[in-house]
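We have chain A already, so just place chain B on it with the hints.
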Amino acid sequence: MKITIWGCRGSLPSPGPEKNIFGGNTSCVQLEYKDTCIILDGGSGIQRLGASFDSKIKEVNILLTHLHMDHIMGLGFFQPLYNSKIKVNIWGPSGSAESLEHRLRRYFSPPLFPIRLNELPSHISIFEINNSSFNIGELQIKSEYICHPGPTVGYRIEANNSVFVYMPDHEPALGSSHFPDLPEWTSGYNLAKNADLIFHDAQYKNSEYANRIGWGHSSYEDAIKFGCLAKVKKMILFHHDPLHTDEQLFKLYYQTKERMHVPFEIELGIEDKVYELP
Amino acid sequence: MSSHSIEIILSRQLADNLSIPVFIVDPHGNLIFYNEPAENLLGLRFEETGSMNVSEWSTIFKPQDENGKLLPAEDLPLVQTMATQAPAHGSFWINNLNGLLYQISVTAYPIVGRPNRFLGAVAIFWKTLEK
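Just so you know, the sequences run in chain order A and B.
One point on numbering: in my numbering, the residue at position 182 of the first sequence is 201, and numbering is uninterrupted.
One point on numbering: in my numbering, the residue at position 109 of the second sequence is 255, and numbering is uninterrupted.
Warning: the hint list may mix true and false statements.
As the list claims (entries may be wrong) - Incomplete in silico selection of chain B near chain A, CB under 10 Å: (1) Ser149; (2) Glu153; (3) Ile155; (4) Asn163.
Stated by the list, open to error - Stretch by stretch, here's where chain B covers chain A in the computed footprint (C-beta under 8 Å, at least three residues): (5) 103 to 114; (6) 153 to 167.
Source of the hints: derived by calculation from the structure; they are not laboratory data.
Just so it is clear, the structure is predicted and the values come from calculations on it, not from any experiment.
Each residue gets a CB set at the ideal place from its N, CA and C atoms; glycine is no exception.
In isolation and in its complexed conformation, chain A is listed as follows (with noise of 0.2 Å):
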């Protein structure tokens, strides 16, 4: 498995000079495995990775967590979607009353933006996922709600004894008086639990958090304890807060690791970051 980091920024596109080594586009990741190209989340780095798409590819999957504006605000300048050659399946989360199909169309349409989800040359199909088990390939994906304001979900995918878990959008402490102790009780557990490598949340240094609590998404520590918790061997600090400056990134970076005991290797998302998994 290929990874590769096109957007990592939370929330909000943040561009700017003092964003430069972290990157400002919001989530979006590119998972390659043999012939099968996944990408999870539409956010502004999707429009990164369509402009230098492999034209080999004839069929991506987009695997959607949710449909916060910062997760899909990107695919309509997926240039992809404007290929009639290319087939694109988008995957998301199921809602209480509205089909994933009516709430993409709420994005692609006016005033929103100016073109409509059938007037697009792309072939595409959508598929609304829950707590769902489905196959890309020779991938085997698991999809699981997990805690973050509106149908949200997180991914584990595994091919060849390996897993990456993908959960940009997620505060499993929310509420919880006994964070981090039970598994059982506690949100996308599931889905990390033996991660080789998971992109999780980590939004927040803890005083941020503290004014924060039920946004959905979590601090640097409660990141680490639920990785500590699902005993994952990688986690890789996601969807940074769109005011915090490569400088104060490091600086938290390396304050948390200074002050908690973290038992497995921890970094800090990058934008153009590639990892490899077996």
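Coordinates of chain B only, in the frame set by chain A:
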């Protein structure tokens, strides 16, 4: 060990923060959590009992009508909710494990997650009389 669905986890987190007694059961009727106010009312601690199946929790407190006649499990609101997947309400008497006789009022509602997945039920209850 696997985790409960997010809907059940959030129900427990809410129950954990309430000062009214709450029961949570899974889709099979197993009592998977009750909060501290419920422990105080029932005279039983969750850490000691752990999960209980429906035949245990529906009889352990000897639910009875005002004449002392034991009620069958299917007359209890939470069991009705499990059967119908619809809210139910009722009042009856119980013997708590400290030997006290309480009249309690119970409201049960189903937990139905997206998209229409029946995941269990919650009962909130409160003491209305004591003998």
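Verification of the supplied hints:
| no. | hint | verdict |
| --- | --- | --- |
| 1 | Ser149 | 4 Å, holds |
| 2 | Glu153 | 8 Å, holds |
| 3 | Ile155 | 5 Å, holds |
| 4 | Asn163 | 6 Å, holds |
| 5 | 103 to 114 | holds (count 3) |
| 6 | 153 to 167 | holds (count 4) |
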